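Student: Here is how the chains run, residue by residue.
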Amino acid sequence: MDKTRQQADHKDRPARGADLKMSDRPGVPMERTTNDPLTPATHWREPERMRNVPGVTRRMELRQMTPVFSTAYPPKGISGMIRRRAYNLPETYARHWATLLLADRVELWEHRLARLLKLLAVVPMGFAGAFLAARLLRARR
Amino acid sequence: MRALAYRGPNNVKVEKKRDPELQHPNDVVLKVTRAAICGSDLHLLHGLIPDTRIGCTFGHEFTGTVEETGRSVTSLREGDRVVVPFNIACGSCFYCLRGLSANCENTNPNSDMSSGVYGYSHSTGGYEGGQAEYVRVPFADVGPMKIPDDMEEEEVLFLSDIFPTGYQAAEMGEIKGGETVVVFGCGPVGLFAMKSAWLLGAARVIAVDHVEYRLEFARRWAGVETINFKQHDNIALFIKEMFNGRGPDVCIDCVGMEAEGSMMHSVPGKSNLESGSATAIAWCIDTVRKGGNVSIVGVYEPPWNLVPIGTAMNKGLTLRMNQCNVKRYMPHLLKHIREGRVDAKGIISHRFPLSDAPKAYDLFSAKKDNCVKCVLLPNA
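For the record, the sequence lines run as chains A and B.
Each residue of the first sequence is one higher than the last, beginning at 738 in this note's numbering.
Each residue of the second sequence is one higher than the last, beginning at 101 in this note's numbering.
Errors might be hidden in some of the hints.
As the list claims (entries may be wrong) - List of simulated lysine to aspartate or glutamate pairs, EDC-like, C-alpha gap at most 16 angstroms:
1. B/Lys459 - B/Glu115
2. B/Lys435 - A/Glu847
3. B/Lys276 - A/Glu785
4. A/Lys758 - B/Glu274
The hints are simulated quantities; they were obtained by calculation from the structure and are not laboratory data.
Predicted model, so just to flag it, every value in this text is computed and none were measured.
Based on the sequences and whatever the hints tell you, model everything.
Tutor: Put into structure tokens, the structure is as follows:
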């Protein structure tokens, strides 16, 4: 036998064919026709809406926000401006997605720059602190 | 709280973040007990998913204990242990009424292509993920399923995504009994697709990958034949020859956008000329017999991929695909786990505290130490 094709013994497998009957399969038919909510605990026909939060992005086709949304990481900086531009383009345009990918790369450089600036601020302050401490110690002696 | 935070491609850290809050009357806040790392989290890690914002927390496979409930939640109480589907669904929209919770139109304001998903970029709504000590769960009366008292978190953790996804993949292949099935990809979803193909009555299941330890695991855990595609010049022709030159009845793509094996796809995929590499779809279409079924659950993103649609058309293939409608599969697959037909927990190869999440990502991404599936224990 070809050693790259290794035959496993799959006779007498207790699980085999357990869901052979179509009626046992949860996804058959693909679309339900009962018109019941997804779960019995879904006690609404129209879900309540979250209160609006400014700054959250939404695609241009939506007249209002979806009833539920995330408020994490609203766009900011140059990448945020690019993202807002992307969400003003229909997602059926490839440039919608290309603009979002561009915003991701820009945000990465914004993040790196912010870290560098933090470092540039912290390192001189550290040196200044050490210098002052050394002067103080010397003065006490 | 502590949570995983994305800091740019191939860079994640564990940081302090604000605790999540109830923002909608049907929200709950969960204390996360287990959070798995999914193969599709690696697409985020590698910076391939549009609108993945710096700072966001990944994680869409998790279990937890209810910590706080919104005023309209009727089916859960504080202290309940739950497993949560990766899709966020309202339960009552056009799509949810049809059982298509993965396509819910009330939870993702940023895109019409899918419902909201936990920790999977702003393209799927920008919700924070479960690789954290706490997580906000919207529409708590719809998604979460209570964990039976006699079962552990890890036994049911994979009902959140990969087991239903693998099952739906096999189901979309329209296996009616006696079919031959080839599954591309021996990652966790591929493994569950193989198990599910047996459950649906396949006569022969063959797995294709190039990572030797994963092929060995598939043989042992799923009882399938395996092929290492790196050992063949033309994998599609090789498999077709195994079936009298015709090919199998069903091919399933459980690989997605980071497939290896074809320079024609890898080069444009890595240089963003297409959205990742569509090698596995191409192999499915080329391999399956005429009139056969191709099922796609590997993750791909817009705007486009190089897919041989002309070959598919001329071969008369049926192509089926979707994100998994997890909720409808949970009770059924729970029964398979409970009755011992599927050892879901058996694929866990590594467990880490949350603080070691970056190490876990590195291990899983580089396929080191025979890693099959990593699980984080955020509150251990």
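Student: Indicate, hint by hint, whether the structure satisfies it.
Tutor: Against the structure, the hints come out as follows:
no.	hint	in the structure
1	B/Lys459 - B/Glu115	holds, 14 angstroms
2	B/Lys435 - A/Glu847	violated, 49 angstroms
3	B/Lys276 - A/Glu785	violated, 42 angstroms
4	A/Lys758 - B/Glu274	holds, 12 angstroms
Violation of the numbered hints given earlier is confined to hints 2 and 3; the remaining hints are satisfied by the structure.
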